[in-house]
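Listed in order, the protein sequences are those of chains L and W.
Under this note's numbering, the first residue of the first sequence carries the number 1, and numbering increases by one thereafter.
Under this note's numbering, the first residue of the second sequence carries the number 1, and numbering increases by one thereafter.
If you are wondering where the hints come from, they were derived from the structure by calculation, not from laboratory data.
All values reported here derive from a predicted model rather than from experimental measurement.
It is possible that part of the hints are untrue.
Said to hold, decoys possible - Straight-line C-alpha distance at most 27 Å; calculated DSS-like pairs for lysine-lysine:
no. : chain 1 : residue 1 : chain 2 : residue 2
1   : W       : K48       : L       : K139
2   : W       : K35       : L       : K83
3   : W       : K261      : W       : K57
4   : W       : K57       : L       : K139
5   : W       : K193      : W       : K233
6   : W       : K261      : L       : K83
7   : W       : K35       : L       : K139
8   : W       : K130      : W       : K261
Each chain, written out:
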Amino acid sequence: MQAFFTVNTTAELICLLISVFCLIGDKNKYWRALVLYLFLVCIVEMGGIYLRLAHKQNYTLYTCFLVIECTMISCFFYHLYKKYHHKPSLLYSWLGLFLLIYTAELFNNNFSNFASKTATFMSVVFVIASLYYYMLILKDEHFRKLESYPPFWIVNGILFFYFGSTACNVFFDYLLHERAHSLSLSTRYITFNILNVLLYSCWSYAFICRYRQRN
Amino acid sequence: MQISSKELIILIFIITFIFLIAPLFLIIYIFLYNKKKAKHLEEKEVLKKTFELELLKSQIEVQEHILQTIASDLHDNIGQLLSLTSMTLSSIKADHLREEKINTAAELTQRAIKELRQLSKKMNGQELIKKSLGHAIAYELDWLSKSLAFDVQFKDNTTHSISAHADKELILFRLFQEILSNILRHAQASQIKITIDQTKDSLSLCVKDNGKGFVLEEKITAGDGLGLFNLQKRTLMMDGNFIINSNPGAGTEIQVSIPYK
């Protein structure tokens, strides 16, 4: 049982609990959807640990989850951009392109490995999307108190996670087999622990800000 | 040259570290830029407000100047003409019947001169305000009580006048005149209570009537609240507070308070 409570899962569970408390009564469907998304994140993470403990490959689970992850984050970005009069065609085009690359990689790997190239491509797109959002904020004449502006903190978490994970994604194949000398866990795992804590800390803070502003 | 596994892992750690530091600095930069933006917007707002205040001041100055010119024209020209008429009337020698009529005409002319002087004084706001705001309001109410039957109660709780704020007092007096004019035209009131209070750093005016009252939101929606909007705008220009409490059938209370220290 203890194996299920790692740094990753603990951060995700705390964030899920905060999201349930802060967002369940939110009027906005995109914010409410984050609760469901975090629930799925926890399920997938637990499932991944279960499969690992059962000495079974868990990449299929994470590969499938990549679609949910991309859809959720993309829809949230679309929701953020909507204020600046962006059209839904951009979202559909991006999701179409993602599915194309995703399917191509799965066929290329013969469904026997994690779609790491698609994940890297997705990370780059999300980093660009985050930077573009910053640009929109800076260009916007309307002043916002960023210290407590929830969408800004959601984007901060996304930028930290996807920009920080770029190096690991690029060296994915190498890290999959290599183990750190003095540590029993792989470099990728440690890095993702740090990134996950950063991501879910930013998101939890955003949910709290959102809750406080709503009341 | 081949890189060892250990070196590659260290390299990955360093790259990841750099990739984490970069967004951090970016976020800090955005925070700083945002703060600058806030400061800029604040300055813009102050400039806008100062400009509007200057504009309003010059409008009021022009208005006051026109009123002053009319007041002196009334006093000097028409007043002189009426004085001459009065003198001419008093110099006429006529029979008993005609004398009575001439005396009545002379009396009426005297009253016209008196009324004209009072009107001229009333129009010349700067002259009126010279003594105090309370004196100016009392003079206005005196004028009102002569022409219309109102139960007017006036309380002057001010302690002293600050000569540096004579402009503010004049604007407040003009606001009072407009509020009073609104009551006379629309409120159908029989009782008006006016109070002016002074604290350490503010001067406030409260005008309350027992008229028909109104629903403020309805006035604004119907586009009928322009007068009220102007009153509010002029108060805000002096960094003051403007509060209206009104209910249909329950009269209206208007409170205006301005910084005064």
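Cross-check of the supplied hints:
no. : hint            : verdict
1   : W:K48 / L:K139  : holds (21 Å)
2   : W:K35 / L:K83   : holds (22 Å)
3   : W:K261 / W:K57  : holds (19 Å)
4   : W:K57 / L:K139  : violated (35 Å)
5   : W:K193 / W:K233 : holds (23 Å)
6   : W:K261 / L:K83  : violated (45 Å)
7   : W:K35 / L:K139  : holds (14 Å)
8   : W:K130 / W:K261 : holds (18 Å)
Hint violations for this structure: numbers 4, 6, all remaining hints satisfied.
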